[in-house]
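**Q** Chain S is fixed; fit chain H onto it per the hints.
Taken in sequence, the protein lines are chains S and H.
When the letters of the first sequence are read in order and numbered with the working numbering, they come out as residues 1 to 322.
When the letters of the second sequence are read in order and numbered with the working numbering, they come out as residues 1 to 327.
One thing to keep in mind: the hints can contain errors.
[Unchecked claim] From the structure, some residues in chain H lie toward chain S, with a derived Cβ separation under 10 Å:
id, residue
1, T60
2, E64
3, L79
4, Q100
5, Y101
6, H106
7, Y107
Hints are computed from structural coordinates only; laboratory data are not their basis.
We treat Cβ as the ideally placed atom computed from N, Cα and C, and that holds for glycine.
Each chain, letter by letter, is given below.
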Amino acid sequence: MTRLPDDLSIDLHYWMRLTRTMDDQLVTLWKQGRGVGTTFNQRGHEAISVAAGMALAPDDVVAPMHRDLGCYLVRGMTPRRLMANQLGRATGVTRGRDGNLHGCGDLSLNLIGFISHLPQTMPVALGAAMSFSYRSEPRVALTFVGDGSSCAGVFHESLNLAAVQRAPFVVVIENNQYAYSTPLHQQMAIDDLAVRASGHGVESRTVDGNDVEEVYGTVEAAVAKAREGGGPTLIEARTMRMLGHAIHDGAEYVPQALLDEWEARDPLLLHEEKLTSRGLVDREYLARVAEKCREIVADAVEFAESSEWPDPGTVTDGVYAA
Amino acid sequence: MDSTRTMTYIEAIRDGLRTEMRRDPDVLVMGEDIGGEFGGAFKATKGLEAEFGPRRVMNTPMTELAFIGAATGMGLMGLRPVIEVQFADFISTGFDSIVQYAATTHYRWQAAVPWVIRAPADGGIRSGPFHSQNPEAWFVHTPGLKVVAPATPADAKGLLLAAIRDNNPVIYFESKPLYRSLRGEVPAGDRATPIGRARIAREGQHVTVITYGEMVRQAVLAADGLAPEVGVEVIDLRSLKPLDRDTIMASARKTGRVVVAHAANRLAGVGAEIAADVGQTAFEYLDAPICRVGGLDVPVPFSPPLEDAYRPGADDITAAIRETVAY
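Isolated chain S (complex conformation) (with noise of 0.2 Å):
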């Protein structure tokens, strides 16, 4: 894969660094009970849904889920109005209507809210796509399935009319190796997620969901060749999720072992010690990023906690449009 320019490089680091501290954060809001409902973690996901993101031109569409929190930050949802749908209140994305990343839609973004049917919002994200060939607008849609929902028929419908449609559309499995507790080899007889693609006639790219630039370069060229009406593309990306299916879960079910492994290629420290390998940056940078980012998402939190709750008095509000 051909080296992507250093300013992007650069970039991505940041916007990953943002993630992994705003995911810190909200970990730490929850276990000092200052938190909502639940939380889903996100360590291990940066790359990934920062590279996807990435990838993207402005007229795109993306539907991430609730693994992707790097991806609607890069879209350019406020780390402020992320963190108040995360605790209930009115300034939140959804007005206190849905919580942690459920609903975080944003059309002006060109953000698609997901349902925690996962993948009810893959054929909605398939469904932007043929808009855009059925106006003919050189314009993409890209969405996440994880491992678990990659098992889903909804999975396979949306894939086959995707392919027949030759929409330009790409998805994502974020293989994390499991789907709340269970293993991949309780959810499925394959190794390889990417084989998926094949009895639906669409292409498939396995890459390593760890190395932000595999993914972005992997990303970029499915988006590219989409706008070209050269199709769909599965990208099955392999990571592991760190932590809990969400902040109540332990995750005891996972072993120490594989933990450890996949420890020891941290998305984010990977792609810090290539960058500074590479001398495009120090440690100093990569201290005064951190520094920046812990400021981003110390005023969201302090956003957050200050905004109004929703008025009780609101709550059949927006039910339908006008």
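**A** Same frame as chain S, now just chain H:
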């Protein structure tokens, strides 16, 4: 445009689709077997591909979750897809995409999902358990959806126009037994029937029958049979969600006697909500218990004697009216 034309119920549906597709390039139709010369299992879309091309008349694979979900995505991008689910019975295969995704979207993140699902519903045509259902209650129970059920050719067109122009997901239950058996005057051009407004299909003083879909025809038959001794008012709801409570309550207060009828099974059906609402809201005006007429709580059976035993008709409505009036 004042001119009207006489056409069947299904011709009115096709006329509605064609009217909207000519008027608005964002309107497209999609579903199984709807394209080409074939034109759908009931031929509702016959001739549309020849006029509008395959881009706007899209045959889909047998994947309701995917193509209803895709319609949601198209709607988010500003298109107005009209989905045919071939038989209303099959709508369950796309359930998540309707009740979980499309229905909740505007409440959660304020994005409009302007699609219509055309669901060919109802039985009485010897089609068995999976081609005869009336599943409207599932969707009336779902916040965020609108549900309509035309009973006449004029409303088949008018409600379809309104549904397509609405910025919300609308489920349009069309009545298969009316497709070719009911003809009526249909206004030319684009005369939409507003969603949420019922129609007095027949005026009367003594008792109100509240119904929709093919049962409107059955209720009018029953009313004709009881005239002039009993003056039966028939309300054609046209829209099941939102309900036209004003028209319902005004009629209930006027007659003081109410029968609610539908072909769907009675248990927890739409009629149960209407009966409860009238009972609570117009209690002081009622001279008799509200009587409900509906299908039995069994799968729709195939064999004619069994289906007739399952499905209510004019005779059942007549009996209910007599009982209510005699109370």
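**Q** Now look at each hint and say whether the structure bears it out.
**A** Status of each hint after checking the structure:
1. T60: holds, 7 Å
2. E64: Since chain S brings a Cβ to about 8 Å from E64(H), closer than 10 Å, the hint holds.
3. L79: holds, 5 Å
4. Q100: This hint holds: Q100(H) lies near chain S, its Cβ roughly 5 Å from the closest one there, short of 10 Å.
5. Y101: holds, 5 Å
6. H106: holds, 5 Å
7. Y107: Holds - the Cβ of Y107(H) comes within 10 Å of chain S, reaching about 5 Å at its closest.
Checked against the numbered hints given earlier, this structure breaks none of them.
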